[in-house]
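Using the hints provided, position chain R relative to the given structure of chain H.
Protein sequence lines, in the order shown, are assigned to chains H and R.
Mapping of the first sequence onto the working numbering: position 66 corresponds to residue 66, and the numbering continues sequentially without gaps.
Mapping of the second sequence onto the working numbering: position 15 corresponds to residue 15, and the numbering continues sequentially without gaps.
One should not assume that every hint holds.
Unchecked claim - Stretch-level coverage of chain H by chain R, calculated; a stretch enters the list once three of its residues show a Cβ under 8 Å from a Cβ in chain R:
1) 53 to 61
2) 184 to 190
3) 198 to 204
It should be emphasised that the hints constitute simulated quantities derived from the structure, not laboratory data.
The beta carbon of each residue, even a glycine, is placed where N, CA and C say it ideally should be.
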Amino acid sequence: MDTQLAAPAGPRLWTRPRLIKRAWLRWAIVLGAGLYLVLAIGSVDVNWARVSEGIVRAARLFSGFLQPDFTSRWSDIQQGLIESLTMTVCATVFGVILALPIGLGAARNVAPAWLYGICRAIIAVARAFQEIIVAILFVAMFGFGTFAGFLTLSLSTIGFLSKLIADDIEEIDESQVEAIRSTGGGFWQVVDYAVASQVMPRLAGLIAYKFDINFRESSVIGIVGAGGIGATLNTALDRYEFDSAAAILLIIIGIVMLCEYASGWIRKRMA
Amino acid sequence: MLRIDNLKKRYKTGDMALRGVSFTVQPGELVGLIGPSGAGKSTLIRCVNRLVEPTAGSIRLGDVVLTDLGGRELRKARRHIGMIFQEFALVERLTVMENVLSGRLGYVGFFASWLRRFPEADIQRAFSLLDRVGLTDHVDKRADALSGGQRQRVGIARALAQDPELLLIDEPTASLDPKTSRQVMRLITKLCAERGLAGIVNIHDVALAQMFLPRIIGLRAGEVVYDGPAAGLSSDVLTRIYGEEDWSKPAGDAEDEDDLPAATPQAATGLVADPLAVR
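Only chain R is shown next, with the shape it has when bound in the complex:
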């Protein structure tokens, strides 16, 4: 359904963010995209809805070649692609309802949206989505009055209000606590299953990815280095994605000796006379 072919992106600064990425996503399939910071995860999903212009390669959604579209056509295509953001990206000063209704902007004209006169069906849809994500009581609250988990649920409702075929989900849990993260991931996977939505989820928490996402794509320095089931993320594979690290130990013990300032030149200036004494 979504087909990405040899996608490349070079930023104006000369950084090669993507070096020929190819994969396909089947209808109803949720894919986790993992990789170190700067591997190009964010760039990749932003190329799909063209918030970032790809340098080369093609992206098709169904029969539409997204990379060929311009202007009005592109905006029409974006209606079918919902996006969920790391910092929620809600319009902070607008109400919860206005934020959810903003998911319909691609379908209504400027004056109708300016006067907040959305079609009755859109408003009913927004109400039922807010019911679904459990925010019925907060309809007229301003978005900045909500907690992190509530705000992300508004973000989910906004994306679903578009009636999308595909969801692009950028680090949905990075600003949330561990429990809320799980609740949000559970909600996303459930809603996608109910509606048969396909989605790409950027996620840096490998454990969380394995818990909720059946298929994982590992990105490193703009290249796909792993594409397979979540169960296949062995130590070898993780090393290929993230680099050398002892993956068998719990995270707390993994503090490397070479992270400490012992070998740094400060020692010679007399500022750090004996770094080991600090411990």
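Isolated chain H, as found in the complex:
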């Protein structure tokens, strides 16, 4: 309290207000977290013999990378690639077609409450499981092959896009909606002029981004039997053909980078 008296005489002190005011509590939390981290690391059981074996295998894998073999398994690789790309394109298109109405229905400022509830529930279900688990389920239902992969990616596209579209629509500038409604425009005209025009650039970016994710996913879910380049990669690894596996990985990296650049370009153009 004596600072009150001292204040007018000297310069007044200021320090940044802390998130946790009590100093002892702040330090207790920091030290506690540090201690837990040390104990947790200590509890991880490292089997050094297996690590050294793994390093040897890794060395073989990397030496395979130095001489990737594109030729001896080319027909398999080609077929895997075509399957993956087909899967990706079909699933993205199909997913977008379904995601648009669901996303619109899941936006609170556009849809009536009952529709909002239904659409949000669909989104929650579509997002509930990780792609690999969904792929395993679909493979169990429809057998090995690209159809299971297509369904998996479609579902994940619906989950991803509907949610982000809905969230975007909920954040649009409402005054533009008011303006179009006040001209006597109908519901779909309001959606076209006031809603779509505001979310379209981000939507195009999201679709391009999801396409790129879908291609990557398609190579992962192939490993659990959903076809595509992932299945080819899995076969190559099972046969210890690291040079072919390296070729496949390089191709995947190349295509993912191409998609990345393309989606970046599209987003920039649409802004």
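Relative to the frame of chain H, chain R by itself:
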């Protein structure tokens, strides 16, 4: 022509925005609606085209009881009521022309509007309106590429494209500088006079209101406390609308002593040892 009777609006939060407002607007008459923030000005004009649902009371435009309409009928009635907004409310990513044509949405079907295939007459009307507001050179620019004054003129052209009988104008100058504000007000009053349009103008700048609007309605806490000529806005009347203030002094001198933190409890915590020393 426009007749508002005992209009009431209670928001879901329980706030009583309008407590029984009644007045009429004659054909060709421009009315200024003034009042402090939160007096219900915005709510009132949004009740007229039913962007906000009134709780009680009635609004008639000509022979049509706007408050009874639903669905399609309401959209038909809205075609005859143009609206101009404070922040312009243009569709930012569409071109100037598309924004003006959007004033015709009530008259064309969805697919025609989706493909931007508006009737030839609508396009000619849009061109002549853009000529009239001086934006002929900006037809294909995106709305967000224009300056504030230009955007408000697009907003005016959009409202007039509807071929309205009544204009609802919500704070048309609040986002504009003083000179542009006057130009926009002059344009609005002139266009209304040319076309014999009636209008309600929400406006918080009393001087600007007096300059351009012959009749003023003062709203306070959802009630009409003044309805008369602009010349009748005496200090007494302004106090009735806005509350106690010395209206004879220029705005700069009006800073009240009690706005300063001298009397606030911070002084006791030692943060403000001597607030008067700040001056």
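Tested hints:
1. Only residues whose beta carbon comes within less than 8 Å of a beta carbon in chain R count, and the region 53 to 61 of chain H has 0; fewer than three means the coverage is violated.
2. Note: the region 184 to 190 of chain H has 5 residues with beta-carbon separation from chain R under 8 Å; the three-residue rule is met and the coverage holds.
3. With 3 residues bearing a CB less than 8 Å from a CB of chain R, the region 198 to 204 of chain H meets the requirement of three and the coverage assertion stands.
Checked against the numbered hints given earlier, this structure breaks only hint 1.
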